[in-house]
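Novice: Assemble the whole structure, with the sequences as input and the hints as a guide.
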Amino acid sequence: MDNTAKRLLQRLVRRIPSQMLKTTLDKWSRLTAAQRQSMDYTESKWALTEKLLAICEENELTVKHIAELEMIHVIENPNLGMWYVFQLMDPQDDAHSVELTQFKEQFKSHLSELIRHVSIKIKKHTDEAVWIRIAWGDTFSRPNHLKPTYVVHYLQTPYVFLTSPTSKQKPLLSQALVLSTRYQAIKDANLSGRKLTAIRDLLMKQYLQVFPTKFPSPLAERNCVVSNLHIEKEQAGSAANRHQMACEAFGDGILPQLQSAVYKIQMLTQMLPCSLLMFHQLETKFRDHTNKTMTERDEPFKCVVKFASTNLLESLRHSASSGVASTPVTPLLSSVPLKGKNYFVITDNGPGPSSQMKPSQK
Amino acid sequence: MSLLKPFSKLPGLNTANILLVESEEQFQQSLADALVEETSVTVNVRLAKSLPLPMENDESRPRIDLVVFIINLTSELSFQSAEASLKYLDPGYFLGKVCFMVTNARNASSPAERLDAVRKLASSLHCPLLFAEDQTPDGVASATERLLTILKVAAGLVPIATALYVSNLTRCTLPLDIDLPSFD
Numbered sequence: 001m002d003n004t005a006k007r008l009l010q011r012l013v014r015r016i017p018s019q020m021l022k023t024t025l026d027k028w029s030r031l032t033a034a035q036r037q038s039m040d041y042t043e044s045k046w047a048l049t050e051k052l053l054a055i056c057e058e059n060e061l062t063v064k065h066i067a068e069l070e071m072i073h074v075i076e077n078p079n080l081g082m083w084y085v086f087q088l089m090d091p092q093d094d095a096h097s098v099e100l101t102q103f104k105e106q107f108k109s110h111l112s113e114l115i116r117h118v119s120i121k122i123k124k125h126t127d128e129a130v131w132i133r134i135a136w137g138d139t140f141s142r143p144n145h146l147k148p149t150y151v152v153h154y155l156q157t158p159y160v161f162l163t164s165p166t167s168k169q170k171p172l173l174s175q176a177l178v179l180s181t182r183y184q185a186i187k188d189a190n191l192s193g194r195k196l197t198a199i200r201d202l203l204m205k206q207y208l209q210v211f212p213t214k215f216p217s218p219l220a221e222r223n224c225v226v227s228n229l230h231i232e233k234e235q236a237g238s239a240a241n242r243h244q245m246a247c248e249a250f251g252d253g254i255l256p257q258l259q260s261a262v263y264k265i266q267m268l269t270q271m272l273p274c275s276l277l278m279f280h281q282l283e284t285k286f287r288d289h290t291n292k293t294m295t296e297r298d299e300p301f302k303c304v305v306k307f308a309s310t311n312l313l314e315s316l317r318h319s320a321s322s323g324v325a326s327t328p329v330t331p332l333l334s335s336v337p338l339k340g341k342n343y344f345v346i347t348d349n350g351p352g353p354s355s356q357m358k359p360s361q362k
Numbered sequence: 001m002s003l004l005k006p007f008s009k010l011p012g013l014n015t016a017n018i019l020l021v022e023s024e025e026q027f028q029q030s031l032a033d034a035l036v037e038e039t040s041v042t043v044n045v046r047l048a049k050s051l052p053l054p055m056e057n058d059e060s061r062p063r064i065d066l067v068v069f070i071i072n073l074t075s076e077l078s079f080q081s082a083e084a085s086l087k088y089l090d091p092g093y094f095l096g097k098v099c100f101m102v103t104n105a106r107n108a109s110s111p112a113e114r115l116d117a118v119r120k121l122a123s124s125l126h127c128p129l130l131f132a133e134d135q136t137p138d139g140v141a142s143a144t145e146r147l148l149t150i151l152k153v154a155a156g157l158v159p160i161a162t163a164l165y166v167s168n169l170t171r172c173t174l175p176l177d178i179d180l181p182s183f184d
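Protein sequences, first through last, are from chains A and B.
Take the first sequence: its position 49, counting from 1, is numbered 49 in our numbering, and each next residue is one higher.
Take the second sequence: its position 132, counting from 1, is numbered 132 in our numbering, and each next residue is one higher.
Derived by calculation from the structure, the hints in this document are not laboratory data.
Worth double-checking, as some hints may not be accurate.
Computed from the model, here is a short list of chain B residues facing chain A with C-beta under 10 Å [claimed, not checked]: (1) 33; (2) 61; (3) 63; (4) 74; (5) 77.
By construction, the Cβ of each residue, glycine as well, lies at the ideal position given by its N, Cα and C atoms.
Specialist: Right under this line is the structure:
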C-alpha cells in the first residue's frame, strides 16, 4: 500500500465514528470473515487504524479500494459537508431517455478525454441516485485521492449536487455532465446547504404541499382542539388564516432542514424601499430608508442579509403564522421554497435572475 | 370605534371572566389552563393576540371582568402591541379592571429601559404591575394565584372589596429615581 492509501485510510478511520465502523467495513466486503472477527471495535482509533492497515497490506488493497470505502461512508452520511446544486438546461430530445449504463459510459469517457489523469467511481444508490466520486489529477500528476469531489445526479431530473467544486475543475465537470446527460447547458441553481437530503427534498418538493383553497376546513369535526370549554380564543379566525397562508407559502408538516438564506442587495438608494420595507416588518435593523444622507449618495447601496437557523423553513413558517412576518408572505421569503433557491441578488429591477456559471458565494 | 366596555352586559352567577392579551400567544395558554382549574368560582378565559377584538364574537362574549396585558420584556414588538391595544378599552376599565403582567424581567437580554417604560405606563394608568415566570409550572401556578386574587375582586365576588378600592393599594408606583441611569 502506498503512502496516499495509508493516509486516506487513516483519515477515514478518524472520521468514521466507532459505532459505524463495523457496519461500514461489512458493507465494503473486502475483508475476509476471519479478519472481520479479529477487529475489536472497543479499542482506540489509533489501534484500530494500525490493525486495519495491517489487514489491508495482507489483502494487497490499493488506494482505489480505500476510495470505495470512503464512498460507502459518504453515501451513508450525505448530510456532512457542503453541497452545491447545479441545474441542467435545455434538454435535447433524448435527454429523458438517458439510462444508467449509457450515462456511466458517456460520463467516464468524456471526463477522461478532458483531463488525462482522473479517477472516477460511479455507483447507483437504492433511491435512484447516481453517486460519482472523482479524484482529480492533471497531465503531470496522479489523481489526488485526498481531495475528491462527489457528484450526485438523479437521472431524468435536471439537478446535479456537488461537493467542493473548485474553479479549475468545474468547467471540465460541467462539460462532461452536459454531454453525458444530453442537455445543452448547466447553471448554478443558487442553492446550497449541509444536508443533501434536505436540499434534495426542497428541490423535488418532497414535503407536504398546501394548495390555496377558499374553504380550508370543510369538516368541523376535524379541527377545533379545544382544551377546555371555558377557554376561548377571540381571534381564532385570523390565526387560522395566517396559518393557512404560511402553510401555502412554506408547506405543512416537517420541512426540509435548510440552514441559511442569503440576500445580496445592491441598489441605488433612491429606490431603497420596497424590499427593505418587507424586511422591516421582520424587525431587522433597516429602518433608515427615509434617512437623507442615505438617499443622497451616488454609489449604489450594498449589503448582504443572511438568515440562519437550524431549520430555516420551519422558522420562517412560524414567523408568518404567528404574525411576526406579515401575511400574505412576501415573495422574497416565499421564493426560497417556491424556486428552491437560497441565494438571491436583489437589484433595482427587483430580485435578479440567477447568474450563469457563477458559484454561490457565502 | 369598537371599545370593549366593562358594564354593558350582565354578570354571571359565581362567574368571573378574564381576558388575556398577549402578542406572542404562549404564556396565555398555560395561564388559561391553570386558571380554569379554580373550583370555588367558574372562571372563563378569553385569549387574544391584541385588541380590538373581532366584532363577530360580540354577542357570545360575556362581560369581561379583568383584562390582563402580558408583555414579554425581551421583545419590543410585545410591548408595542400591548400599548397599541390600550386605546381599544373603554376608560371604565382603568378603574381597577386592567392589570399588566410582565415576563422575562430577569433575562439578560431585556433592556432596563423597556421595564422602565412599562412601569411608567402602568403607573400612569393606575394599574397593578405583576412579574411572572413563565417557564416552570411553579411560576405559572404562582402567577395564576395572584391573578385569581385580583380577578375575584374585579368580578365583585369578594364582599366589601371593590376593584377600584383594591387598585388603589396594588397600583404600580414609580420609584423616585426612575429617570436616573441605573448601575449594571
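Novice: For each hint, tell me whether it holds in the structure or not.
Specialist: Here is what the structure says about each hint:
no., hint, result
1, 33, "holds (6 Å)"
2, 61, "holds (8 Å)"
3, 63, "violated (14 Å)"
4, 74, "violated (12 Å)"
5, 77, "holds (6 Å)"
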